[in-house]
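Asks: Residue numbers (the numbering used here), protein chains in the order written: chain S, 1 to 389; chain F, 390 to 634.
Accuracy of the hints is not assured; some may be wrong.
[As the list claims (entries may be wrong)] Covered, in the sense of this in silico footprint (three residues per stretch, anywhere, with C-beta under 8 Å from a C-beta of chain F), are these stretches of chain S: (1) 337-346; (2) 353-367.
[To be verified] Chain S stretches covered by chain F per the calculated footprint, using a threshold of three residues with CB under 8 Å from any CB of chain F: (3) 10-24; (4) 116-130; (5) 234-242; (6) 321-330.
[Claimed, not checked] Derived, one-sided and incomplete: chain S residues facing chain F with beta-carbon distance under 10 Å: (7) T133; (8) R134; (9) R136; (10) V223; (11) Q225; (12) T226; (13) V227; (14) I230; (15) A231; (16) V334; (17) G350; (18) F371; (19) S372; (20) A374; (21) V375; (22) D378.
In case anyone wonders, no lab produced these hints; they're calculated from the structure. Ideal Cβ positions, reconstructed from N, Cα and C, are used throughout, including at glycine.
Here are the chains, one letter per residue:
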Amino acid sequence: MARPADQFARIDRLGALLVAAGAGVLACLPFVLVKANRIVPGVPRSLLASTPPPGAWACLAALLLAAVVALVIGKPRLRLTAALVGLIALALAVAAAGNTLTPPDNRVVRISPGPAFWVLLVCLGLMATDAITRMRPGPAQRVVWLAGFLAIAILALGSGTFDHLSVMREYAVNAERFSREFARHVLLAAGSLGAAIVVGLPLGVVCYRVPRIRAGILGTLNVIQTVPAIALFGILMAPLGALAAAVPLAARLGIRGIGAAPAVVALFLYSLLPIVANTVAGLDRVSRSAVEAARGMGMTPWQMLSRIELPLALPVIVTGIRVVLVQNIGMVTVAALIGGGGLGTFVFQGIGQTAIDLVLLGAIPIVALAFSAAVVLDALVEVMDRVRR
Amino acid sequence: MRVATLLRWGALTLLVTFLLAPQWFAPVFAPLTEYGAPPIYDQGNLLVLALAHLATVCLAAAASTVVAVGLGILVTRPSGREFLPLSRTLVNIGQTFPPVAVLAVTVPLVGFGEKPTLIALFAYGLLPIFENTIIGIQTCPTAVLEAASGMGMSARQRLLSVELPVAMPLILEGIRLSLVINVGTATIGSTVAAKGLGEVIIAGLLSNNTAFILQGGLVTGLMAILLYDAMVAFEKRVLRRVRIE
Chain S
1 MARPADQFAR IDRLGALLVA AGAGVLACLP FVLVKANRIV PGVPRSLLAS TPPPGAWACL
61 AALLLAAVVA LVIGKPRLRL TAALVGLIAL ALAVAAAGNT LTPPDNRVVR ISPGPAFWVL
121 LVCLGLMATD AITRMRPGPA QRVVWLAGFL AIAILALGSG TFDHLSVMRE YAVNAERFSR
181 EFARHVLLAA GSLGAAIVVG LPLGVVCYRV PRIRAGILGT LNVIQTVPAI ALFGILMAPL
241 GALAAAVPLA ARLGIRGIGA APAVVALFLY SLLPIVANTV AGLDRVSRSA VEAARGMGMT
301 PWQMLSRIEL PLALPVIVTG IRVVLVQNIG MVTVAALIGG GGLGTFVFQG IGQTAIDLVL
361 LGAIPIVALA FSAAVVLDAL VEVMDRVRR
Chain F
390 MRVATLLRWG ALTLLVTFLL APQWFAPVFA PLTEYGAPPI YDQGNLLVLA LAHLATVCLA
450 AAASTVVAVG LGILVTRPSG REFLPLSRTL VNIGQTFPPV AVLAVTVPLV GFGEKPTLIA
510 LFAYGLLPIF ENTIIGIQTC PTAVLEAASG MGMSARQRLL SVELPVAMPL ILEGIRLSLV
570 INVGTATIGS TVAAKGLGEV IIAGLLSNNT AFILQGGLVT GLMAILLYDA MVAFEKRVLR
630 RVRIE
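With the rest of the complex left out, here is chain F (with noise of 0.2 Å):
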C-alpha cells in the first residue's frame, strides 16, 4: 500500500513537472524524433491544453452527473415507473454508440469545436451513472425503507437521507467511470477542433512525430490513473462521513 501511495505521488509530481517545464524532458524524447523534428509540443502550450483538457471532461461529466442521477431518482419514483423498463433498455443500446460515432454525428448539427465534444461526452458520460443510480436505489434494502416510513418520513425525506446515501457508492463509482472514459474519448475531440491533448496526438500523427504522440498519450493516461485515484480517494472519505451521520 505505502509502495502504491509513493508511486501516485511520484506520478502526480512527474505529470505536473512536464506540464510545467516540458523543455526538460526535451533528452528523453528526441531519440524518438527524425531529422531534427523538435521533440517537445511546440505548436502550443501543454499546460493550457491538459487544463482544457481536464475542464472538458469535468463540464462534461458534471452535466451528465446531474441529468443522469436526476433521472435515475425518476424512474425509480412510483409516478415514473412506467419510464423503468424503456430506460433500461436505451442505457442497454446507448452503450453499444461508439464514441466517435456520437462526435460525428454531432458536428453537423453544432458545428466544429468544443460543443460537439461537450456532447458527445455528455451522452456518453450519461450510461454509467444513470445504471448505477438506477441499482443503488434498487437495491437498497426493503426492510431499510419500511423503517424509514415507520419512522414518519416522507416520501421526500426517504429518498434524501435514505434512499440516495444507500446508492452514494454506486453513484460516485459511475461518475468515477464516465470521468475516466472521458479523458480518453476527449482525445478524439480534437478531430473536430476542439482544444485539449488530443491536438498533440493528431499534431504527431500528422507530421509523424512519435515523440508528440507519446507525450499526448501518456500525459492522457497519467490524467486517466490520477484522476481514477482521487476519485476512490474521495468516494472513501463520502463514505466515511455517510456512515457516521
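Looking at chain S on its own, in the form it has when it is part of the complex (with noise of 0.2 Å):
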C-alpha cells in the first residue's frame, strides 16, 4: 500500500499545470467565435454550444482521457498517444463547429477558433513535446516524425474536413496567390542562404588563415547585423534602382529598385556574418595534430583544406546554416513591405485590413517553415557530429 504521500507526489506536475490550464479556458473561454464577416468582433461560443452533442461528448471525453493520463502516467509512449488523441478531437471538434455554425450558402459568416481552441491546442501541443523530449528520439526519427505531422496536417486540411474554418476561407479566396507566395518565400530565404554560402565560405576561409583581416570583417559584419531589416532594405532600394536605371541589362534581369532584389540583396548581407563567424570557429576546432599528420603525409595546403580542415569544422559551418537559414525565414516576411513578395505579402494586408484570419494564412505557414528548417537542420548536424567521433 503506498501511502498518501506517495501517492501525491505521483501526480505529474507538469500535468497538473497543463491540466488546470486546459480546464480553466475551457469553462471561461469561447471555444469559437462567430462572426458576421471576416472583421467584426465575433460572437463567443462554448464547446457544447457550438459542435452537435454527441460529438462535443465525445470531444469532451477524449480530453478528459489525455488529462487523466497527464496527470498520473510518466511512460512517455502512453503520454504521446493521449496528447495526440486529445489534439484530433480537438481538431474535429472544432471542424464540426464550423460545419455546423455555417448557415447553408452562406459565404460571409466566419467561423474561427476561440481562445479556448488556441489555449487548449497549445497545452496539448506541450504536453506531446514533453513526451517527444522524454523519448529522446534520434535525428532521423526527428525527422521521420515532423515528416509525418506535415503530412497528416496537410492532408486533413486538404480533405476539406476544415474548409468552413475562417482561415481556411481566407484560404479557399488566396488559392492561387498562396502557392505563389509560398514558393517565392522559399525561393527568397534560400536564394540568399545560397549565395551566401558561396560568398561566406571562401571569406571564412581567408579569415581563418590571415588573423589580421579577421576582426575587420566579423566587425564590419556584425555592425550590418544591427541595420534593422526594414530599413536595410529601404537603402538598398535607391542604389540598386540606379542601378537598373544606368545598367539596361540588370534592368532586364529583373534588377530594380522595389521588389526581389533589395530584399535578396539585404538577406544575404545578414546571413554573412553566421557563416563567415561558424567557418572561422569550425576551423579553429580542427586540432592540431590531424593538420600537422596532414602535412606530414605531404599534403598541399589546398588538400589539407579540402580533405581534412574543411570536413572537420563542418558541423559547426551546417549550425551556422542553420542560424541562417531559421533568420531568413523570418525576415524574407518583413520583404513584403518592399514588394519582394512571399507570405509576408497576406501577414501585412491583414495587418491592414484587421483581418486576424488573413495574417494567420501567412503567420502560420511561415512558422511551421522555420521549425521544419530548424529541425531538419538540427538533425543534420546531430548525425555529422556523431560521423565525426
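Reconstruct the complex from the two isolated chains, following the hints.
Replies: Set out below in C-alpha cells:
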C-alpha cells in the first residue's frame, strides 16, 4: 500500500499545470467565435454550444482521457498517444463547429477558433512535446516524425474537413496567390542563403588563414546585423534602382529598386556573419595534430583544406547555415513591405485590414517552415557530429 | 583599443548631435532626396521618437529579464526539474518564431499601438536570457556547490551568493543579446502604429524618400551598437565587483 504522500508525489506536476490551464479556459473562454463577416468582432460560443452533442461529448471524453493520463501516467509513449488523441478530438470538434454554425449558402459568416481552442491546442502540444523530449528520439526519428505530422496536417487540411473555418476560407479565396507567395518565400530565403554560402565560405577560410583581417571583416559584418531589416531593405532600394536605370542589362535581369532584388541583397548581407563566423570557429576547432599529420603525409595546403579541415569543420558550419536559414525565413516576411512578395504579403495585408484570419494564413506557414528547417538541420548537425566521432 | 574607444565616443557624440539638431545634417542628406522633398524627417521630433524607441526596448527587456531569470531559477531547483526538458525544447521552438509573426498575431488580441510591440519584444527577449540563465546555473562547478553546502549554506543562500553570481556573466550576456536584437526588431512595431524610429523608416518607404530611411536605419543601428558597448562596459564593472566579493 502506498502512503498518501507517495500517491501525491506521483501526480505529474507539469501535467497538473497543463490540466488546470486547459480546464480553466474550457470553462471560462469561448471555444469558437462566430463573426458576421471577416472583420467584425465575433460572438463567443462554448464547446457544447457550438458542436452537436454526440461530437461535443466525445471530444470532452477524449480531453478528459488526455487529462487523466497527463496527471497520473509517467510513460512517455502513453502520454504522447493520449496527447495526440486529444489533439485529433480538438481538431475534429472545431471542424464540426465550423460545419454546424455556418448557415447553408452563406459565404460571409466566419467561424474562427476561439481562445479556449488555442490554449487547449498549446496545452496538448506541450504535453506531446514534453513526451517526445522525454523519449529522446534520434535525429532520423525526429525528421520522420516531423514529416509524418506535416503529411497528416496537409492531408487533413486538403480533405475539406476544415473548409468552413475562417483561415481556410481566406485560403480558398487566395489559393492561387498562396502557392505563388509560398514558393517565392522559400526561394527568397534559400536563394540568399545559397549566395551567402558561396561568398561566406571562402571569406571564412581567408579570415581563418589571415588573422590580421579577421577582426575587421567580422566587425563590419556585425555592424550590418545591427541595421534593422526594414531600413536595410529601404537603403538598398536606392542604389539598386540607380543600377537598373544606368545598366539596361541589370534591369532586364529583374534588378529593380523595389521587389525581390533589395530583399535578396539585404538577406544575403545578414546571412554572411553567421556563415563566416562559424566557418572561422569550425576551422579553429580542427585539432593541430590532424593538420600536422596531413602535412606530414605531404598534402598540399589545398588538399589539407578540402580533405581534412573543411570536413572536420562541417558540423559547425552547418550550425551557422541553420541559424541563417531560420533567420531568413522570418526576415523574408518583412520583404513584403518593399514589394518583395512572400508570405509576409498576407501578414501585412491582414494587419492593414485588421483581418486576423489573413494574418494567420501568412504567419502559420512561416512558423511551420522555420520550425521544419530547424528540425531538419539540427538533425543533420547531430548526424555529422556522430560520424565525426 | 584606444582607437576603438575614441570611435565609440565619436559615434555617441554624432548620435546625440543628430538627435538634438538634425537640421545641421540637412546638407548631408539633401542629395538623397528628389523633387525637393525634405531631407530631414519632419513629421515628428527625432529625439522624442528615439527616446520612445529606447523606452519600449528597455521596458520589454526589463520584463523579459525578470520573467526569464525567475523561470530559469525555477526549472533548475530540485522541485522544478520536471519542467526542465520541456522548457529547453520550448526555447528551441520559440527561437524559430519570426518576430513579425509574433507581432502580427498579438495585434488582434490587444489592438494597435505600443502594446503588441511590447508583448512581441518581451516574448522574443525571453529566450536568450532564459537559455543563458539555465546554462549559467547548470555549469556551476559541483565542487563549488558542495563547498557551499559544507559551509552550512541553505538552498536559498547558495542560490543568492553562489549560483547566481557564478551565472551572472552569462545572464548579462543574454540580456545584452536580447536588448540589441530588440532595438532592431522594435522598428517593425511601427507597422502596427507603435511610436519609435520605425516610423521614420516607414515614412521613407511610403514617400520614396531614401534620406528618411537612411536616418531611421542609421540612428537605430548606432543605438544598437552603443547599447551593446554600454552593456559590455557595464558587464565588466559588475564582474569586477562580483570577483572582489
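Asks: Look at each hint and say if it fits the structure.
Replies: Against the structure, the hints come out as follows:
{"no.": "1", "hint": "337-346", "result": "holds (count 3)"}
{"no.": "2", "hint": "353-367", "result": "holds (count 8)"}
{"no.": "3", "hint": "10-24", "result": "holds (count 3)"}
{"no.": "4", "hint": "116-130", "result": "holds (count 3)"}
{"no.": "5", "hint": "234-242", "result": "holds (count 4)"}
{"no.": "6", "hint": "321-330", "result": "holds (count 3)"}
{"no.": "7", "hint": "T133", "result": "5 Å, holds"}
{"no.": "8", "hint": "R134", "result": "6 Å, holds"}
{"no.": "9", "hint": "R136", "result": "9 Å, holds"}
{"no.": "10", "hint": "V223", "result": "7 Å, holds"}
{"no.": "11", "hint": "Q225", "result": "8 Å, holds"}
{"no.": "12", "hint": "T226", "result": "4 Å, holds"}
{"no.": "13", "hint": "V227", "result": "4 Å, holds"}
{"no.": "14", "hint": "I230", "result": "5 Å, holds"}
{"no.": "15", "hint": "A231", "result": "3 Å, holds"}
{"no.": "16", "hint": "V334", "result": "6 Å, holds"}
{"no.": "17", "hint": "G350", "result": "7 Å, holds"}
{"no.": "18", "hint": "F371", "result": "5 Å, holds"}
{"no.": "19", "hint": "S372", "result": "9 Å, holds"}
{"no.": "20", "hint": "A374", "result": "5 Å, holds"}
{"no.": "21", "hint": "V375", "result": "9 Å, holds"}
{"no.": "22", "hint": "D378", "result": "8 Å, holds"}
The structure fails none of the hints (numbered hints given earlier).
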